[in-house]
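First to last, the protein sequences are chains A and B.
Sequential numbering of the first sequence, starting at 1, is according to the numbering used here.
Sequential numbering of the second sequence, starting at 1, is according to the numbering used here.
Any given hint could turn out to be false.
To be verified - If you only want the chain A side, here are some residues facing chain B, beta carbon under 8 Å, derived:
1) Asn166
2) Gln225
3) Glu227
4) Met230
5) Asp232
6) Ile243
7) Pro246
To be clear, the hints were calculated from the coordinates, so they are not data collected in a lab.
C-beta atoms are modelled at their ideal positions from N, C-alpha and C, and glycine is treated no differently.
Residues per chain, in single letters:
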Amino acid sequence: MTDVSSLSGSSRDVASQLFRARAHSVEVEARPRAEITHKPRKFNPPMPKYYYYYLMAPAIAILAFISLYPFFWLIIMSLQDVDIGGGEWIGLKNYTKLFTDARFIDGWILLAQYSIMCLGLQVGLGVTLAVVVNSSKYEKYLVTALLMPMMMAPAVAGLLWLFLYNGTFGWYHWVLQSAGILDSASILASADTAMYAIVLVDVWQWTPLITIIALAGLKRVPRDQLEANMVDGASPMRNFFAIILPNLYPVLLIAVLLRFMDNFRFIDSILVLTGGGPGSATKILPVYLFEVAFKFFKLGRGAAIALTLLIVTILLGKLLVRVFEKPQGGKG
Amino acid sequence: MATVSIRNVWKYYGETPAVKDLNITCPDGSFVSILGPSGCGKSSTMRMIAGLEHISSGDIMFDDVRVNDLAPKDRDVAMVFENYALYPHKSVYENIANPLRLRGASESTVKERVEGAAKLLEISHLLGRRPHELSGGQKQRVAIGRAIVREPKLFLFDEPIAHLDAKLRAHMRGEIKHLQRTLGTTMIYVTHDQLEALSMADYIAVMHDGELQQWGTPSEIFNNPVNAWVAGFVGEPAMNFLTCGIKGEGDAVSLMHKNFEIPLLPGQVRQLNGAAQTGVARMGVRPDALSISMTKPSEAAIRGEIFVNELLGGDMLVEVELDDCRIRVKTTPEFAGKPGEACYLTVNRDKWHVFDAGDGHAYF
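The whole structure should be built from the sequences, with the hints applied where relevant.
Here it is as structure tokens:
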């Protein structure tokens, strides 16, 4: 063995000229390792965090001014009987009166119907479209075409569809009536069809958003999992439900969350199309809120309705996140 | 179980051919390894067998059935992917059970088969976990479990152990080989690691640039490579190549080099078959077919100077500098030569090879 050690010494002489770094690492590794039984004598203090607050202060100040101040003012307003003239403190009366307000309750029911129809159609259509677009070789052009409705201001979209639904020269009206599906004189003026009409506008304008988001999700579905499942014996349909859909859940959650909150807020096209009519057939809660606050200037009551709407939105949002995160399993 | 025949198969990606006129017949129950560097078309070949890739031209047959137009699910093959491709939202149990469930097996059958497979692979204690809770080696076993849980006609393994660490890889080589012998199912195993192919397969198909270079048993591939490319790719440390002149007439033919002149054995002269007239050839000799000594041996030897010694534990690799190149020699750790000293190499002429200097085909 003396041979070997003398040899390794001399070979290192040559090697150190050629590969200096390598010879060095050999020396380091050769040091015997003792077992570590003690702790370090002194721990360094954690990284100081106070400067974070200095850095955040301007942003917080601006946020407080433009966002928090109105929010608290809204809460105060909801406890008062406010109109243009001024306010008077009435406690929780604005809220208690809501429970006996039939139009408030109808507003909730209509909003629920409207949201469920919109979301169901948009997610179903959106994901289907995304799958079609994803497997098409004209993907780029299709995406551009799909984006167009989204570019349009909702009020303008409302005007466009007002024209299409028009009983005298509207194209959809003509098609539906010629096909014998529609017998009333006007789509928007009939309580049977007005709700479907406004749902259709929302679906037309916002399905592409779901498609785009789902398309991004489809891109990250692991190909090897799809292939493994195919070799395991899955048909394309089973592959979709077993591999693609679970991988789409996280992005669909974002899409649904966005659309669900939008449905509670965006009423531009509804105001243009029906203004909540005929009668109260399309007077979903946000439209009713708009009426109370800005047509009748019952600002106190309006604030109370707005806060109820906000709380329900937050609660439903939380619920949605929980439901969607479940299929993710251990990863969440 | 099935005999897999690949007949005149081509694979084009656009205008680029990835597999060129491939012909392979894998006998029933055999372990066949497709070996080649990345980009040689071995994975494309496997994916065509699995049905994941369209076959541009030619036929793939399982026994007498042409499978070109069958969907993957109808081919009755089981595949293990390079990165395991486990389903992250399913437990290990459900991952392994997936092929059975997709074929509508009863709950009792599923339970029995999954537990059987898990026992065979020693992962019974992991069945409740999810893939992200497993180590690389465990994931790999689950992927194999998913393949063996039913009895397919054919196993397709696509570099399944490439991502494991060296020690585990060595262990899994033995495990997979044993598994294939136990189950007796035809296996096609794609790898770029020549050691895996040599140690596991019954037959090896060596591929390069989309073309089949050589088909044979591991010892045929190692001992009788058909060309210089196969000879250089198979074997670690790699074969030494030296460009030599050929001199001689009749039965006395020698290889000429600045550092040596060594006569061929009589049988080898016949195998050279008059090609000596070209005057140049490439000599190939593996590091373990050379022996090194510090004193000049009696027979014809190669004179050189030691460049560097590498101790590899049980062996020592000596790099020897000749006038125009360096060659590597395997010897024992007791070898006492030091860098810079003169040395002599003796060639085991039963184990050397001579390749054509032009197209590289082997004379012997």
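Hint check:
1. Asn166: violated, 49 Å
2. Gln225: Where the cut-off is 8 Å and the nearest Cβ of chain B is about 5 Å from A:Gln225, the hint holds.
3. Glu227: Holds, about 5 Å.
4. Met230: holds, 4 Å
5. Asp232: Status holds, d = 4 Å.
6. Ile243: holds, 7 Å
7. Pro246: Interface hint status for A:Pro246: holds (5 Å vs cutoff 8 Å).
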